[in-house]
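Engineer: In this text, residue positions in the sequence shown follow this note's numbering: the first is 1, and each later residue adds one.
Don't read these hints as lab results, they were simulated from the structure.
Careful: at least some of the hints might be erroneous.
[To be verified] Here are the computed distance ranges between Cβ atoms for each label pair:
hint, residue 1, residue 2, range
1, 75, 23, 25 to 33 Å
2, 82, 10, 27 to 35 Å
3, 79, 32, 12 to 20 Å
4, 10, 83, 27 to 35 Å
5, 64, 30, 13 to 21 Å
6, 10, 52, 15 to 23 Å
7, 64, 19, 27 to 35 Å
8, 19, 51, 13 to 21 Å
9, 76, 10, 23 to 31 Å
10, 79, 18, 15 to 23 Å
11, 36, 67, 14 to 22 Å
12, 17, 70, 15 to 23 Å
13, 51, 13, 15 to 23 Å
14, 13, 79, 25 to 33 Å
By construction, the Cβ of each residue, glycine as well, lies at the ideal position given by its N, Cα and C atoms.
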Amino acid sequence: MSERTLKREHMVIGPEGTPLTMADLPKPDTVRWVIRRKAEVVAAVRGGLLTLESACERYGLSSEEFMSWQRSIESHGISGLRTTRIQQYR
1 MSERTLKREH MVIGPEGTPL TMADLPKPDT VRWVIRRKAE VVAAVRGGLL TLESACERYG
61 LSSEEFMSWQ RSIESHGISG LRTTRIQQYR
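Could you put together the complete structure from these sequences and hints?
Structural biologist: Take a look at the structure:
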């Protein structure tokens, strides 16, 4: 396996278009979930850096909470993750 192929398995493109690795993800003890952190976790799961189960376990999330983040991004983009705007998007 080439070095280039190996690197791609451990990196995805993050929400801001930059490479995202496990080291770049929010810390497991994150309490304050700002838009960027939520988007990074969703990008990591979508890109295969984390599984849904491992993301939920790592961050103490329910699968429903994670799926709501993903649906918000799909429907309204990253700005859909704003908790103060949630009523506007429903």
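Engineer: Would you list, in rising numerical order, the hints stated earlier that this structure does not obey?
Structural biologist: 14
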